[in-house]
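Trainee: If you want the building blocks of each chain, they are given just below.
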Amino acid sequence: MKGRSLKLREAHKSSGAASFCSILWDLCAQHLLTSSSNDLSICIHDPLLPSNSPQILRHHRDGVTALALSPNSTCLASGSIDHSVKLYKFPGGEFQTNVTRFTLPIRVISFNRSGSILAAAGDDEGIKLINTIDGSIARVLKGHKGSVTGLAFDPNGEYLASVDSIGTVIHWELHSGTALHILKGIAPDTGSDLSVLNVLSWSPDGETLAVPGLKNDVVMYDRDTAEKLFSLRGDHVQPICFLSWSPNGKYMATAGLDRQILIWDVDQRQDIDRQKFDDRICCMAWKPNGNALAVIDVMGKYGVWESAVPSSMKSPTEDVPSLQSKNSNGLLLFDEDEQEPSASGSLSDLGEDSHGESEPPSRKRLRKQSTYDEDIDDDLLSSLPKVESRKKASHSHKESLNNGNEGLKSTTSARLKMQEAFQPGATPVQPGKRRFLCYNMLGSITTIEHDGYSHIEIDFHDTGSGPRVPAMTDYFGFTMASLNEHGSVFANPCKGQKNMSTLMYRPFSTWANNSEWSMRFEQEEVKVVALGSAWVAAVTSLNFLRIFTDGGLQRYVISLDGPVVTASGFKDELAVVTHASHCLPSNDQMLEFRVFNISNGTQPLKGHLPLTPGSCLTWFGFSEEGQLSSYDSKGVLRVFTNQFGGSWLPLFSASKEKSEENYWVAGLNMNKLFCIVCKSPDLFPPVMPKPVLTLLDLSFPLATSDLGAETLENEFILKNTHLLQIQQRIEEMAAAGLDTTSLDDEAFNVETALDRCILRLIASCCNGDKIVRATELVKLLSLEKSVKGAIKLVTALKLPNLAERFNSILEERLLNETSRPATLPLTSSNHDFLTSIQSSKPSQPVIPLPSPQPSSPLFAKKGKLQEGAKVGNEKVEQRRTAIVENIGKVKSLAEVKSIEDMTNQGEASIGEIKNGAVNQRPSNPFAKSSSNQEKSSLFDAIKKMKKVDETGKR
Amino acid sequence: MAGQSDPHISLFSAQEVEFLGEDEMVEIVPNMRMDPLNLICGDFGPFRPQIATQVPLWLAVALKKRGKCTIRPPEWMSVEKLTQVLEAERNSLREFQPLPFHYVEIARLLSDHARDDIPDVYMVRSLIEDIRDVRFHKVETGLETIHERTHAVKLKNLSAMEANIVRPFVVRALQAFYKHDSPEMIPQPDTTAIRRRQAADRGPKRDRRY
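Just so you know, the sequences run in chain order U and P.
Just so you know, we're using UniProt numbering here: the first sequence kicks off at 1 and counts up by one.
Just so you know, we're using UniProt numbering here: the second sequence kicks off at 1 and counts up by one.
Think of the hints as simulated: they come from the structure by calculation, not from any bench.
Careful, some of the hints might be misleading.
Claimed, not checked - Derived SDA-like pairs: lysine to any residue, alpha-carbon spacing no greater than 25 Å straight-line: (1) U:LYS779 - U:GLU804; (2) U:LYS679 - P:GLU27; (3) P:LYS65 - U:LEU442; (4) U:LYS672 - P:GLU27; (5) U:LYS89 - U:ASP451.
To be verified - Footprint (simulated), chain P over chain U, 3 or more residues, beta carbon under 8 Å: (6) 459 to 470; (7) 683 to 695.
To be verified - To give a feel for the contact side, a few chain P residues facing chain U, derived at Cβ under 8 Å: (8) PRO46; (9) PRO49; (10) ILE51; (11) LYS68.
A virtual CB, placed ideally from N, CA and C, is assigned to each residue, including glycine.
Model the full structure from these sequences, guided by the hints.
Mentor: Okay, structure coming up:
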């Protein structure tokens, strides 16, 4: 107890009257901040060079009563008698924003441990909790009768303690905003003297709350029960007006109205040092990384008391508890805070980091005690840790998703990791850049984070017909979205207790106003969202598939088998991909898909989702025709087909394309893949400049054949698949009793194209001397005309025995077809184009007659017959009766083998294939008449009929 | 000057040359859905939002004016490409760099109607102007070499606008030389020569002789 004296230097002019002054260290003790309630300015001093003039911030219009620094020392808040709370950047000191305004002077402000909440209070009745992310008032805590003069966030983030000028201390539970304990009259009543403010402070480990007592002492209260534990009583002869815990919680500095500072050893409950001053000390701050105490008196003079704790004793910064905290003035006491990633510090909300660390045993014991005391309270408390740990997991999961998205796609990484949930058409977070939440063939949803909240824009590619959607500000931090023509759905993961996972739906056009809705999920997190016609689906962390109507009615809740990977909606159908099991040691994801029909309440499809070995799913959705499709990180696109009892066809492989490009899939249709081409190493496109879709041809990963005609073979398979799909749809439509005319036409076009492709393949087979293969191909031709073309082709290529073979195939085929009309008399007319027509002359205009529609379901299945109808049904109506003759004539035709006669009006393509080789037809008696004919089908038919007529006469 | 009164020498106005240049194809990214357009000059489309397609410049400008598309500037209209071209133009005194035949017109039309689609539009514009100036200067210096023994001037890679500007002078100068050289052959062969030339003007022929 040496009588040293500390020299103070003036920071703020006092003008003689006592005023409340504040002093603060920043995180690294590089700056010292002071303010005075008599002075408009905030001074930032350099403690190493105290003689330098300080940096001065003058933004308030009245005295500054409170200062607080965010835990990472990047943000300074100040409260003032002018009723405003302002935020500045630190250490630069640039004014940022007015956070809030009160109706009366502010007395105290404080940041919580993570810096996400700023509490401000004063002569107003309520304590405002301000969300620092968006500046919104999270809560107003009302309960104090006098003006609030002290605020302290519990370092564990659960509680807020506050004290008012009449001596009432209230423990608030932050989670619920309720006052847990109200301790009346335990602190001195400071009356109307505004230079003395009641304070209180949590110990750095958060276990005890120190409050100045009534008997010139400091009283310690328990964290949870608010029971009085012990008090520090000693040589203060007047009430204590300020107290401050040392960073490690071992010591405490107290300042009393008796103008002295005492340093206490809290464990010994003994004062170890003291210092007398000329004026009352109204604020103190321990140096966060050294044995020093900064003090400021009511006259605005400040100083640093070096080695406040005697050097013989343990340093006040040794053994700083792992639960880091700060004192009531928002002073950050710990230098280890950098360990915490600052991003999570600013994003995480109340209590975010409170429970992951080890809890001191004493607290658990106390908690048990409280179990018996209050049931409700207990429920809240005991449920907290569970919620927390789960949220914690999900949070970290989210992070790994975000930064892992690249790693996820870089398939070389040999991590055994189950793929994270993703939204098709979303791009990963890029700091400071806009990113896609959803990109599909319809439009895009983009977001950019800006000052803690996000701006979301919805754009339609088709700006003419799409609805115009105003940009919106997103306070939730949506990370998932889905878009269709009727509306958009958004969801955010949960971040801490305050920020529950929310699902929001915005319809674009509705007759009722205010028809957007939102759902909140407690202890559950939305992982994936999807949209369809009049339904919204969300898959959550509890593996629940929740289906809502577009009006917001909760329609179904379905439990899924495993953790969700992604989901996609198309009209009535919802496809969900889940993990079937843990991934294989070979690093193959085991995924499972299922398709739900929402309106029928059925599940038409379910099965395993194939992926390229060592890859993961990167896109999942429906083609424009509604075919289920997937794209994996190795660049293989697969489309689901009903062939072979439901299989996936690999329809595209990026490895076959240019290697320096990556394809970011947006959608596909029957023939093309729509994607955005990204130059390697980019895996996804930026929002600006607006990406342009590139069309890529679908192609099967075919083996290199000896024929050397892979493109033809590929086209052949593709066309076949296409045809099958169309026929399947025709059947579906016909079963539903709908008109299939347009689909019939489409099917016919595809058939024609397929035949053309097969003919070319036959040509290349013949050239490559693959006779057997050519014969197989002929059998696959769907149009009779094409078979004839094939015969002509091989004749021109001088392969007579192949022509012979083809002829017998044609004969067989004609026989089959002509025998069919006997059983199906309605369709018989299709062959009538072969009939001789005496009455109709080629020059005579022909009136097209309607095709026999009543038989459409039957008709639909007869692709082969149908083409006949196409070509010949213009004039078939009156020929119905001639079936028997037909057969005879057809036979005779075949016998005569006047191949040229029948085929020289074949498709244009035949001519192309033969490259004019067939053009000289010495044996053709009708060469002259057919040489300059038109290729139109009508003309064809007429000519053919004429010729058949003539052959018949022969 | 001789030949001034010749009614057969018709000069295109800048607008007319621009009109001719409007037939050049450019790539657009439509933001609407439309079936293919079957026009006399060809079939264009189908138009699907966000999927690039090739259309003539006049159609692109018409669509752009209605806010139905964005025009993707041609490859040569980037700052770095143009910088390279300008550099090369400055370095070689005799050669012209290969640029689209209608580059002046295309650049003009695009910077008039689609300035928001061109990155660094001011830079691009000033580069094009620089290139034009350099090239024209070259043309002028090249024409100084015309004398009475010159029968033809070979200007490779000359663009439409440049040719249009120098055409009357070159043609008349050569004609005058020709006339003065052989006074017995007066108008008759002249007119046929001009006709042939006019016919050649239609196509995007780079290599022209006067």
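Trainee: If a hint holds in the structure, say so; if it doesn't, say that too.
Mentor: Hints and how they fare:
1. Taken as a hint, the LYS779 (chain U) and GLU804 (chain U) pair is honoured in the structure, with Cα atoms around 14 Å apart against an allowance of 25 Å.
2. Under the criterion of a C-alpha separation no larger than 25 Å, the hint pairing LYS679 (chain U) with GLU27 (chain P) is consistent with the structure, at around 20 Å.
3. Restraint check for LYS65 (chain P) and LEU442 (chain U): satisfied, since their Cα atoms lie roughly 23 Å apart, inside the 25 Å limit.
4. Between LYS672 (chain U) and GLU27 (chain P) the alpha-carbon distance is near 19 Å, which keeps this suggested pair within the 25 Å criterion.
5. For a cut-off of 25 Å, the pair hint linking LYS89 (chain U) to ASP451 (chain U) stands: about 13 Å separates their Cα positions.
6. A stretch counts as covered by a chain when three or more of its residues have a beta carbon under 8 Å from one of that chain; for the segment 459 to 470 of chain U and chain P the count is 6, and the coverage holds.
7. Judged by the Cβ-Cβ criterion of 8 Å, the segment 683 to 695 of chain U is covered by chain P as claimed, because 7 of its residues qualify and three suffice.
8. Using the Cβ-Cβ criterion of 8 Å, the hint placing PRO46 (chain P) at the interface with chain U is not satisfied: the shortest such distance is roughly 11 Å.
9. This hint holds: PRO49 (chain P) has a C-beta 3 Å from the nearest C-beta of chain U, less than the 8 Å allowed.
10. Given the 8 Å rule on beta carbons, the hint for ILE51 (chain P) holds: about 5 Å separates it from the nearest Cβ of chain U.
11. Here the hint on LYS68 (chain P) is kept, as its CB sits about 7 Å from the closest CB of chain U, short of 8 Å.
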